[in-house]
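Below are the chains, spelled out letter by letter.
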Amino acid sequence: MLTRRDKVVAVAMLGIPLLLAAAFVWFPALASVFLSFTKWTGVGGIKLQSCQNFPSAPGIPQPGCLYGVQNYVQAFTNYPDFWPAVRHNAIWLAVFIVIATPLGMLFAVIIDRGLRGSRIYQSVLFLPVMLSLALIGIIWELIYSPNFGLINTVIGRNQNDNLIDWLGDPRLNLWALLVEACWRQAPYVMVLYLAGLKAVDPSLREAAVVDGANAWQTFWRVVFPTMRPINIVVLVVTVIESLRAFDLVYITSKGNPLRGLELLSVLVTQNIVGETQRIGFGSTLGVVLLVISLVPISIFLYQAFRREAR
Amino acid sequence: MTTVTAARPRAPRLTTAAAQIFMIVMTLLWVTPIVFALYVALRPITETNKLGYLSLPRHLTLENFANAWTQSDMWRFFLNSVYVTVPAVLLTLFGASMVAYVVSRLAFWFNIPLLILFTAGNLLPPQVIITPLYRIYLAIPLPDWISGSGLLYNSYAGLIVINVSFQLGFCVFVLSNYMKTVPTDIDEAAVIDGATLWTRFWRITLPLCRPALAALATLVTTWIYNDFFWAITLISTGNKRPITSALANLQGQFVANQNMIAAAALIAAIPTLLVYVLLQKQFIAGLSLGSAKG
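Heads up: the protein sequence lines correspond to chains L and V, in order.
Position 205 of the first sequence, counting from 1, maps to 204 under numbering that gives the first Met the number 0, and the rest follow consecutively.
Position 203 of the second sequence, counting from 1, maps to 202 under numbering that gives the first Met the number 0, and the rest follow consecutively.
Bound-form chain L, shown alone (with noise of 0.2 Å):
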């Protein structure tokens, strides 16, 4: 069937995309594996001998080495943000999960059901999803702003004795942020949800009615089953997106650590970033993100390909 030269093109034409995503996403990710269990500073290139080799003394840069798995046990014991980090990952995944997903679904199935105004409503939800988070963040300041800002004005705590500091409070500032991220999320979501509700096919809608359900049990025991690939794509979107929640941490906190709002993400950039870079302990916060963002990453691939690799 095929020339030879039709071979050489479709070698080229798979090679060279192939090419590079296996040289800056793939071994990227597996050399962030390696050098989680190495300690390097950046400076000098990596032995491979045990850092008991190099014993570190004031002012001599020591060497990349081989450091066992102590950049693991330092995270999860010795590294006062790990866990806040952790903590706020999950309080940010459940959020979404608990608040923007369902809020989302509700605008889909209200807007498919063809109510007066629905494309007004689809569209102006539909804004901040095109808008980049670091505006988002820049916008909601105004919002939040203890002085000056709409809900501190609107509940009359905008005087210098009585503010509220919504960004700067390490207790109040992660769910400020998560007001703003479900202000895109959720429109996010009815996005998806739209169009798996258009591709139900109506039949099964006007079965059940003749069989006497009523509209609630129509949507969850008809529509919402036959919607399990768009479920799975919500649940992935849900889970990647509260991974890589990022961008509006670090407009908020002008790029700087800010108590309150460790994020994994945000703990792995600080340790490339600065005077001392730690390359491997870096690498460690990353492999923590890829171990966890495997299992929804699967999930995905597990339905996405199952039926064509049968």
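No lab work stands behind these hints, which were simulated from the structure alone.
Hints may contain errors.
[Stated by the list, open to error] Quick list of in silico lysine-lysine cross-link-like pairs, DSBU-like style, CA-CA up to 35 Å:
| # | chain 1 | residue 1 | chain 2 | residue 2 |
| --- | --- | --- | --- | --- |
| 1 | V | Lys179 | L | Lys253 |
| 2 | V | Lys280 | L | Lys197 |
| 3 | L | Lys197 | V | Lys49 |
| 4 | V | Lys179 | L | Lys6 |
[As the list claims (entries may be wrong)] What the simulated footprint calls covered on chain L by chain V, stretch by stretch (three residues with Cβ under 8 Å from a Cβ of chain V suffice, anywhere in the stretch; the number is not a length):
| # | stretch |
| --- | --- |
| 5 | 83-91 |
| 6 | 120-132 |
| 7 | 147-155 |
| 8 | 168-178 |
[Claimed, not checked] Here are the simulated distance ranges between beta carbons:
| # | chain 1 | residue 1 | chain 2 | residue 2 | range |
| --- | --- | --- | --- | --- | --- |
| 9 | V | Asp192 | L | Val272 | 24 to 32 Å |
| 10 | V | Val254 | L | Phe33 | 38 to 46 Å |
| 11 | L | Thr275 | V | Thr183 | 53 to 61 Å |
| 12 | V | Ala106 | L | Arg86 | 42 to 50 Å |
| 13 | V | Trp197 | L | Val178 | 47 to 55 Å |
| 14 | L | Thr40 | V | Arg75 | 30 to 38 Å |
| 15 | V | Ile269 | L | Leu171 | 29 to 37 Å |
| 16 | L | Asp168 | V | Arg75 | 33 to 41 Å |
Keep in mind that this is a model prediction, so the values were computed, not measured.
Every residue gets a Cβ at the ideal spot worked out from N, C-alpha and C, and that includes glycine.
With chain L fixed as given, assemble chain V onto it according to the hints.
Here is chain V on its own, set in the frame of chain L:
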């Protein structure tokens, strides 16, 4: 269509009214942050410092927009966005459609593993790979005419490369699914006529994929334009940053004038707002393509 509507369970009037009220309240809530930002950006800082943001306006002025534009060389950041986004989108779509074509038309044993590899890569949180990637970028030299830094790090080329590599996965996934639905008859007829693989891809199949390519182009352009993370971590020179990531610097530069920051952010949103107004259908189609097959 009429049968479809008639088949739906008829909602009682009360439910409809409740739904209507709920949607009106939500829509108003949703639009508030944007309208509020616009309102603040239109007012002088001296006024809002005295009265707060939530107050009746004495003056409405475009001064903040003008100042944000001139005092920060904003045109330069926009130009950076163009330098990065345009080539990145074209290369992503070109590369992804090549892979998608081969995978959907030729029966290789490795097609499924390959698709899985591409798709999974796109789902990784970028922070998983950033640490090694950062070192790789510091280690790859580039000639001076491509990169002022002499490295892949801190260069437009570097930013293009990572955006392409990362977005390829999603586009390969979508396009290979799409191409499987494109009829193969013409393709097969062309084989008999002796057309080469490339001709069949470029002249026959790709034109049939225009709807999917248009939807993906809209989606990926918006995503790459909105990218913040790669530019923050892989570009160290402030004035090389595309506009979205430059907002972080502008926030520092205009720290005493939140109204001007809001104006700058809204200026940065103009391209996405244009897409929102003109190409919303394409954008949604792109998202739906990605999830429909799932």
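Here is how each hint holds up against the structure:
1. V:Lys179 - L:Lys253: The hint is violated at about 46 Å.
2. V:Lys280 - L:Lys197: holds (15 Å)
3. L:Lys197 - V:Lys49: violated (51 Å)
4. V:Lys179 - L:Lys6: holds (21 Å)
5. 83-91: With 0 residues close enough to chain V, the hint is violated.
6. 120-132: holds (count 11)
7. 147-155: holds (count 5)
8. 168-178: As far as the stretch 168-178 of chain L goes, the hint is violated, because 0 residues have Cβ atoms under 8 Å from chain V.
9. V:Asp192 - L:Val272: 24 to 32 Å: violated (58 Å)
10. V:Val254 - L:Phe33: 38 to 46 Å: At roughly 41 Å between Cβ atoms, phenylalanine 33 (chain L) and valine 254 (chain V) fall inside 38 to 46 Å, so the hint holds.
11. L:Thr275 - V:Thr183: 53 to 61 Å: With a Cβ separation near 58 Å, threonine 275 (chain L) and threonine 183 (chain V) satisfy 53 to 61 Å, so the hint holds.
12. V:Ala106 - L:Arg86: 42 to 50 Å: holds (48 Å)
13. V:Trp197 - L:Val178: 47 to 55 Å: Given a distance of about 52 Å, which is inside 47 to 55 Å, the answer is holds.
14. L:Thr40 - V:Arg75: 30 to 38 Å: holds (34 Å)
15. V:Ile269 - L:Leu171: 29 to 37 Å: holds (32 Å)
16. L:Asp168 - V:Arg75: 33 to 41 Å: holds (37 Å)
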